[in-house]
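**Student:** Residue numbers (the numbering used here), protein chains in the order written: chain V, 42 to 391; chain Z, 594 to 935; chain P, 239 to 554.
Think of the hints as simulated: they come from the structure by calculation, not from any bench.
Restricting the straight-line Cα-Cα distance to at most 20 angstroms, the calculated cross-link-like pairs of lysine to any residue (SDA-like) are:
no. : chain 1 : residue 1 : chain 2 : residue 2
1   : V       : LYS194    : Z       : ALA696
2   : V       : LYS305    : Z       : VAL720
3   : Z       : LYS704    : Z       : ARG688
4   : V       : LYS305    : P       : THR528
5   : V       : LYS305    : Z       : GLU695
6   : Z       : LYS816    : Z       : MET753
7   : Z       : LYS682    : P       : ALA539
8   : V       : LYS194    : P       : GLU536
9   : V       : LYS58     : P       : THR364
10  : Z       : LYS682    : P       : GLU536
11  : P       : LYS384    : V       : GLY352
12  : V       : LYS58     : P       : MET361
13  : P       : LYS384    : V       : GLU349
14  : V       : LYS194    : Z       : GLU695
15  : P       : LYS414    : P       : VAL356
16  : V       : LYS58     : P       : MET367
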Amino acid sequence: MISGDKILMNYRYLLNKFAWALLTIIFVIVLNFFLFRVLPGDPARAGLRDPRLTVEAQEAIRARFGLDKPVINCFDSLNPLKIGNCAVNPLETQFFIYVSNLLRGELGISYHSNRPVVDILGERLWNTILLVSAGQILSIVIGISLGVVAAWKLRTMIDYGALVSSLVAWSLPTFWLGIILLFIGSRYFGLPIGGKMTPGAHFESTWEQWKDIARHLILPTITFTIIFIGEYMLIMRSTMVDVLSEDFILTAKAKGLHSIQILKDHALRNSMLPMVTIIALNLGFTVAGAIQIETVFSWPGLGQVFFEAVGRRDYPMLQGAFLILAISVIFANLAADLLYSYLDPRVRAG
Amino acid sequence: MTEMKSIESRNLHPAMNLRSAPVILDVQHVSVDFVSERQTPAHAVMDLSFMLREGEMLGLVGESGCGKTTLMLSILRLLPAAGRIVSGKIDFFERDLLDLTEAGMNDIRWKNISIIFQGAMNALNPVRTIGDQIKEAIVVHFPRTSKQSLAERIDELLEMVGIGANRKDQYPHQYSGGMRQRAMIAMALACNPQIVIADEPTTALDVMVQAQILELLDNLRHKLGLSVILVTHDLGVVAEICDTVLVMYGGVSAEYADVDSIYNDPRHPYTQQLLKAFPDLSRPKDRLIAIPGYPPQLNALPPGCRFAPRCPQVFERCNIEQPALYQLGPFHQAGCHLLSAS
Amino acid sequence: MQSQITVSGFGGFWANLKQNSMGVFGLIMVLMAIGMALLAPWLAPYDPNAPVKVTIDDIYAPPSPEHWLGTDDAAKDVLSNFIYGSRVSLTVGFFASFISIFIGGAIGIMAGFLGGRVENGLMRLTDIMLVIPDLPLAVVLVALTKPSLLNIIFVIGILGWTGTARLVRSQTLSVKERKFVLRAKAIGAGQFYIIRRHLLPLVLPLMVANTVLVISLAILNESTLSFLGLSDPTTLSWGQMLNFAFTRGAMSAGAWWALVPPGFGIVWVVLGCTLFGHGLEQILNPRLETHHLAVGEEMVAREDSRMTPGEIVELT
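Chain V with its partners taken away, still in its complex shape (with noise of 0.2 angstroms):
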């Protein structure tokens, strides 16, 4: 596509999206650490109380984590109306520990089962980007076909069902489409009840595993495509019509050019920047809705992780799965915009 010529990088531009994004960052990061320290049931005070650690790790963590020091300079707790002690050496307040403690890859322990939060997470990630791949996949693909077909057939037939199917779908609650599909699937199909594997057992081989996994990816793939096709098609569907109403597919008309060949040639490439833009802007959704889906089908992945740690007010696991989850879009965002810098020459070469 980009065939043959030097890819002139515009550094400024990178550079400035790089910066963004680490502003973003660190905006997040901080809002991390006050998130959970601001709101009521200070977590570190709770935390040392919880029963379920013993004493000894109360004091390990008491020690690690700086407890019993200032949150940060010239408070002691977050309270603005109570004046602490100014003097307090800002490399010994929490917020300096914390932030250290980041930049080593130390994200707390968590208080429900005792490990570090690092490797819970760790794992989990990986089974979230499996579920979210598939779905994600599939549903651009879709999406993007019916989009183009249907703003090539304008206001007929096709447009109309395009339309309708992709606004039901847009309206429908990830989880309870999920719950339906889940009772359909597990009663009619005889598809897992959820979980990524089936409960105790064995296999012969990494490929009958894989089966398995694939037999429970099934029903949740299936959930998330829907519910993203919609938006997708609605998108590439406007974003197409604009593009075929430009100048230039006119002159490709009057080229003699067939309307598959203008298509494929002309409007699919300048209207799949747009779409990149809008695909990264749907992390943020991406995240809501593996939530949701990890949450009805029992998938071990991020958003369970981070669900469960709610409702058992395990902090640092919270903490450190917020942080994950803000920071993968944050990731997600900067690599669309590098890569839509990369596709425009407009952009790439100044």
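We have chain V; now place chains Z and P onto it with these hints.
**Tutor:** Then chains Z and P, alone, in the frame of chain V:
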């Protein structure tokens, strides 16, 4: 009536012999409407006829909205969704283009008749290179061309219009406005068509570049034996390089003649007014005379002659009946009641 | 793609709306839901709060003449719960979206009108809010404060303003450049005056269309948060009904009647709002939807009785 002195010395090329040159495009009594859901159809072009011969450059002149572009798009059947060609024939080498299927039309498009759009700035795809888009024009009609020949041809075309061949891998946004127009011309010539339609190719370009482009078109025409329809509202340009002129007003043909007759013996009041509205450098003290009033609304047309509301020589019959076209000479027609012999 | 708001008064608006069947359909759907919510006491066969004597057979009882939609895990009539549930879902949706619209509108107007650093800063803020995923943040905020209806309304409200802000800002920017605003400034009109007299009348109609869509999102969000158990268990919204059904064995009991209706209600209202909102948008922002490939055989439309071509009269 008007003394445009430059006629004899207008170009270096000999005046065309309209009698002997073969006719390649014969547009006969073409009418085009624009339909809409809630209003009566707009009659954009009515009963329009003209001919184009091999090697001829026809100047199509008229105000904005008089139907020039619509007429041109009709030849290639590229009207927008609301356009309907409601009557007429368009004979290209004696085959009626309006009888062709879409596939047949696609074959003719660009290979035999190409078009340079008004505002070529946006007529190029911004995410593909210029060279690529020219290549596409060739490959669509000559799919077996070797890569070598393609590259050579693209280079040749770009050189012809004065763009260095080394710029073929650049994108439209890297070209200046004038260069993009020239690239469009290069692309329009890619398949060696018989007819090139140039729809106001110099709008929005500065005067120096305008002159270059028009000179380029004229030279190319003589070099390659092309026929050109030059759509413009600039009578000065027409005087310089065209062989024949079709003056349109409100969708109808006001006057259609060889260029000498138009300038030396204009018979339609609109043509006369147009000529007066253009400054003549040899007579700097003459006042510019603007034509008062506005062009007609195409779906609420006056019942008689379309120019009647603005015509300085209007009389009663003009508001009641549309004038017929009167043949004033072998290559001269005008549609005005003043010409009826009685 | 700026809008031309050419709707002249309410009468013109109504005429336009009637021609837009999608918008009308959506409006009817929404009105039916609102009607059901308002007339709940008269429509519902049972009072959801009335205590019920429970035997094991009454839990998840299938639909019957006494209970058209069967009973739930607490032997309460599902149909009555459904009808009353609309009240909660709709109320939360409306109030939460009003908060979002207010915040978004204020930010949008300020950013568009004041420009400069203010606009820059506000737009950066909007970008950050857009990037941070909504649901996790909402879950955290609601869970760590007290799960209650008020909290949910508040949280959904303060997280849902970004779309409105962008829309209002771009509309403000385009209106700001229009002649009558420049003239008003030239004669010394104050900023608030300009905002009130000139800006708002042109921005508000678009905001109305946007509001409807924001409401639909708010209702979806409320149902999600309730399903996840973050709502007040005593107020039975549709999402809450689904939470109970799901966590209390409706699936294994095969009680589809406890699972389908609440979700159906949500889809009905959200779809109605979406259709109505899109219909409104089409009226306010009429885009002639066509493109170069939407052209067909109809272009050459010569009838057999062709128009008589004009004569050409010979003159000598």
